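S.K.: So the chains spell out like this:
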Amino acid sequence: MVQGWIQIVLTLLIVILITPVLGGYIARVFLGERMWLDRIFMPLERMIYRLSGISKNEMTGWQYIRAVLISNLVMAVFVFVIFMFQGVLPLNPTGLGAPTWDTALHTAISFVTNTNQQHYAGETTFSYFSQVAALGFLFFTSAATGIAVAIAFIRGLTGRSLGNFYVDLTLAITRILLPISLIGAVVLIAAGVPETLSAPIVVPTLEDPTVQQTIALGPVAHFEIIKELGENGGGFFAINSAHPFENPNGLTNLIQIVAMLAMPTALIYTFGIFANNRQQAWLIYGMVFAIYLVFIGVAAIAEYQGNPMVNALLDSPQPNLEGKEVRLGWAQSALYGVTTTGTMCGAVNSMHDSFMPLSGAVMLANLFLQIVWGGQGTGTAYLFAYLILAVFVTGLMVGRTPEFLGRKIEKQEVVLTSLLILLVHPIFILIPGAIALAFADQFAGISNPGFHGLTQVMYEYASAAANNGSGFEGLADSQPAATGLWWNLSTCVSLLAGRYIPITALLLLADGISRKPVIPMTTGTLRTDTGLFTGVTAGVILIMGALTFFPVLALGAIAEALQLAGGI
Amino acid sequence: MTTQTKRRRDRKHTPKAKTAGLYKRAIRDAFTKLNPRIAVRNPVMFLVWVGTIVTALVTLDPNLFGTVRADLNQQRLLNGLITLILFFTVLFANFAEAVAEGRGKAQADSLRSTRSDTMARKVLPDGSTQTVPSTALRRGEQVQVIAGEVIPADGEVVTGMASVDESAITGESAPVLKQPGTDIASSVTGGTRVISDELMIRITADPGQGFIDRMIALVEGAERQKTPNEIALTVLLTVLTQVFLIVVATLPPLANYAHTPTTIAILISLLVALIPTTIGGLLSAIGIAGMDRVAQFNVVATSGRAVEACGDVNTLVLDKTGTITLGNRLADEFIPVDGHSMDSLATIALASSLFDETPEGRSIVQLAQQLGAALEFQPETAEGIEFSARTRMSGTNLADGRQIRKGAVDAIKGFVRSRGGTLSSELDAAYERISRRGGTPLALCQDNEIYGAIYLKDVVKTGIKERFDQLRRMGVRTIMLTGDNRITASVIAQEAGVDDFIAEATPEDKIEVIRQEQAQGKLVAMTGDGTNDAPALAQANVGLAMNSGTQAAKEAANMVDLDSDPTKLIDLVTIGKQLLITRGALTTFSIANDIAKYFAIIPTIFAAAGIGALNIMGLKSPQSAILSALIYNALIIPALIPLALKGVEFRPLTADQLLRRNILIYGLGGVIAPFIAIKFIDSILPFS
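Chains A and B are the protein sequences, given in the same order.
As numbered in our numbering, the first sequence has no gaps in its residue numbers, which increase by one up to the final residue, 2015.
As numbered in our numbering, the second sequence has no gaps in its residue numbers, which increase by one up to the final residue, 690.
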């Protein structure tokens, strides 16, 4: 038990140490400071800009939004076409044909939105070419899109103009994602992750030499690091990071957890530099960290204590290891589960379906709140949008029109933040979830009816709308299942709405705020960089988040937990 | 306490409007507001109203929206009770608004009574007069008003001189002298009465556009436009309502799937409990009450926006005279020179001011008598010499031929020199000393002999320093403007505790100061009365004009003080802040309440799902839990009406202190209070 907790604490310490280094680096990249990587990438970038005819002019909010939408649309179409023609494209050692159109569509949308919800098994659906050129390509661009939006948002909030999307996208890839991925991939190869284009190996099994086993291979290592670093989460293999070739040992598991946390934690620090207020950044960081710790604690304790009904049969308390890799253990699985749902990565190293109900509740809460630590870039933006909402709700109580960073929070800000934070999720999680449950026989294909099934359905839409991508699983959501078409198409709506409505709102919010005059700070101004206000923000986040989803948690995970505890 | 501040304080507690029948009328209005066309203006409460109708329908037929597996009579009883509580929730919210409006209306009525339709004597171009109703008058036309008549509309005196009784609007019983050209005294207000002589007035406002009309429209709330903060808050409340609408609407499939189906009436109850009805029901009452508080201070605001802006003000630009100092200089010290004793100086000073009825003169007499001086002649035998701008001195000629004079130092020097007297440097030294201390020096002489100097001191209003301290704590900076020289200005500035001052200020300086502050992003408030203040009043974010001021000033300002007391600007800042705090506090309270309501309703209605353990309040039964939560939800509205009308108690604290205090009371209190209240209601309800 002690070993498990030590693993958790050490991992988190590493993350805290990385934060100021990486956060400072990101700030330097986007504040346009000179760095040695310039010498390598500057000529390349100049060529890209010249060939594509992109001007590096500053963009307005709508221009930035249009650039995001158009570029993402082009990428999605490109990837969809690759999928549909993968049968005739190279690097297809297993001779895979095109997937069904709805699987291709769902996968393209899922990956372009940085969600990577997978309604397929990687090794038997997509060729190496599709995995590398289509999915691997979107790993970088969707993550970079998130970073660009976050940076534009931070710029606007701190009174700067938003910048240029194409430049930000390029910088995010060349200065941040690509260099770190290169190093990370090499380390993963050294730790035992394969990186090959050779075909799967077919071997006789040890138990019975007459039975043949196919061992899937592929260019996994480079795929794996950007999967985690970019909060993508789409596995090369069906079982994702539970697969021994994606995540062979404790070291790779540690690298993956740290990679998931690196960007969203660092971006909070980057905000502190942009706002020239590191105290604000560390307070927000501390607040998220506190919620994160509570969630880890709940999940880890629940998993450690195990299933009371199983324990009663075994006659001794055992951790819940169902659906977990024994080489990783309960602590690493709980930490991974809470982290992957919190950071909107969506990679899994264990079956979330098999977690204890309270761990499931925590992971679902992560998806609902979207800020512990939140998705690549967008999570950080959400965090500050919550701060703006907290400023508005409580700021009036100091007797002034609420201000954030010296700028007034007025109608437009309230419209955008409340739309962003309060409305998108209920609409695109609760409504499709309710429809699926109302027609459970026709649509849902639930493997565990009852409270658990309710959580399975809600988790699937929450994962889509929050652009997380992890599956609670247990749903017949893959073709050729009869319910595959419903799941592919209905989640597409949540995927798109959960990605582009918030991005649009965030950029408009930042654009509007950047144009407001700055009001000087006095003793009559509400300070947001105090412990008190940080506590208030935490309260607003928990109340606003919990109020919307309390019934889902009560009728799903909590009811199930009480049922288990009651031994029914 | 000066009489002025005392009077203001009295007025605060005794609104001049009659409130008899207020509640009766409010109850009637609460029902009138059930009209869907009026109700729809408040989206949160409108939803409750729609819910009430639906629950009324399922009271009549519980199976209307699908068969209910329960005893029908029991269902009817529960649904009926829910309907009743919801109906009262809507009524309470309507009542809150009606009470606030009623108070405004009462005030408007008392104002309107001053403006009964009068007949006016319109002056035609050929010089003849024609009697027309006052409502037929147009801007630019001239009317003649003679003693005993009511001035038909706002205007400016063109010719004539008369005393006017303005008590109807200012509450000040002493009549005011009105005459043309004199900037301040030339503007007249419709509804006031001429009590002597006659005036020729040029009308400056069309009927219905006058000053009182605007005030009536405003306090009645008829033209009440939502303020920016109110609009933003309404957006948030509407979005929250939509969120909970989605939450509740998607609940039936979840509940059915979990084999714990529920009824439409219970879902509506949950919805009403969750949507922010408390703040939704009180929001407009808070806004109206805020305007009402301003009106009770005898200030007319042109918009609610202006009142709200008061809370946001960063800088107050204040005139020294009348705002910071009393406006009259008073004798503080006698400084004898050239070997004269204090006694002889005091005796001369007393004699010099015997006939001087100005406050300065009377203060000199008072100081001299304090020093033991007595008259050494019969007052009837002496002759008073009045002050004139040419001589710049005043005094007394005694029967024995002695001439005593006091006045500006160089004027007295001239007087002495012309009578062959000699001047020593001692007087100049005294002059220097007084100036350095920020006072005004007067010299005193008898015939050709200088006796000494009088130190006239500018008296800072009592309590003003503390108020500036409070403002500073709230983050409001004060800048004093004065025509005095730098030395005098700096002494007063220090004594009053202002943050900054501008000496030898011209009206142009005023607008310059405002522009400078605004360039730094600050919101500026100022007071003014003269025509040359108008540009500055217009430039300032909050401009408070004095009612005694010119029409131009009043039109440029966004508020007018009927009592012409510039110190009120400070009170307005407090009112503006209080308005915002009240709104924020009740919003926080309303949202925080939801936690308890969730914990009351969800575990009990879904008890079949085995989540009874979440019923941490231990409520008796689902029926009792729902009714308790709804009763609490309904009763909290009237319970908070007094707070909404009076406003949250305001203390001049820093933002952090205010936040801590209010979060504790309304945030934490909002989480805890409903747990206790719902548990209590549950325990007294006769449901098992």
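No lab work stands behind these hints: they were computed from the structure.
Please note that a few of the clues may not be correct.
Straight-line alpha carbon distances no greater than 20 Å define the calculated EDC-like cross-link-like pairs of lysine to aspartate or glutamate that follow [stated by the list, open to error]:
1) B:K415 <-> B:E378
2) B:K124 <-> B:E143
3) B:K524 <-> A:E1857
4) B:K415 <-> B:D471
5) B:K228 <-> A:E1492
6) B:K26 <-> B:E143
Chain A is faced by these chain B residues, among others (derived, beta-carbon under 8 Å) [as the list claims (entries may be wrong)]:
7) T120
8) Q522
9) A587
10) T590
11) N617
12) I618
13) G620
14) K622
15) P624
16) D658
17) N664
18) L666
19) F682
Okay, the calculated bits of chain B under chain A, using three or more residues with CB under 8 Å as the criterion [stated by the list, open to error]:
20) 75-87
21) 148-160
22) 241-249
23) 310-316
24) 338-352
25) 500-513
26) 643-657
A quick note: this is a predicted structure, and the numbers were derived from the prediction, not measured.
Beta carbons are placed, not taken as given, at the ideal position from N, Cα and C, and that holds for glycine.
S.K.: State whether the coverage of the region 148-160 of chain B by chain A holds or is violated, taking the criterion as 3 or more residues with Cβ-Cβ distances under 8 Å.
M.R.: violated (count 0)
S.K.: How does the region 500-513 of chain B fare against chain A when you require at least three residues with a CB closer than 8 Å, holds or violated?
M.R.: Violated, because only 0 residues of the region 500-513 of chain B bring their Cβ atoms closer than 8 Å to Cβ atoms of chain A.
S.K.: Let me know if the C-beta of G620 of chain B comes in closer than 8 Å to any C-beta of chain A, holds or violated.
M.R.: 16 Å, violated
S.K.: Interface hint check: L666 of chain B, Cβ to nearest Cβ on chain A, cutoff 8 Å. Holds or violated?
M.R.: 10 Å, violated
S.K.: N664 of chain B was flagged as interface toward chain A. Is the shortest Cβ-Cβ separation under 8 Å?
M.R.: Constraint on N664 of chain B satisfied, holds at 4 Å.
S.K.: Please work out if K524 of chain B and E1857 of chain A have their alpha carbons no farther apart than 20 Å.
M.R.: 17 Å, holds
S.K.: Are at least 3 residues of the region 75-87 of chain B within less than 8 Å of chain A when you compare beta carbons?
M.R.: violated (count 0)
S.K.: Is the interface hint satisfied for T120 of chain B? The criterion is a beta-carbon contact with chain A at less than 8 Å.
M.R.: 43 Å, violated
S.K.: Under 8 Å, Cβ to Cβ, is where D658 of chain B needs to be relative to chain A, so tell me if that hint holds or is violated.
M.R.: Nearest chain A Cβ about 6 Å off; hint holds.
S.K.: Under 8 Å, Cβ to Cβ, is where F682 of chain B needs to be relative to chain A, so tell me if that hint holds or is violated.
M.R.: The hint is violated - F682 of chain B has no Cβ within 8 Å of chain A, the shortest such distance being about 23 Å.
S.K.: Just to be careful: measuring from the Cβ of K622 of chain B to every Cβ in chain A, is the smallest value less than 8 Å?
M.R.: 20 Å, violated
S.K.: Test coverage of the region 338-352 of chain B by chain A using CB-CB distances below 8 Å; three residues minimum.
M.R.: Since 0 is below three, the answer is violated.
Checked against the numbered hints given earlier, this structure breaks hints 1, 4, 5, 6, 7, 11, 12, 13, 14, 15, 18, 19, 20, 21, 24, 25; the rest are met.
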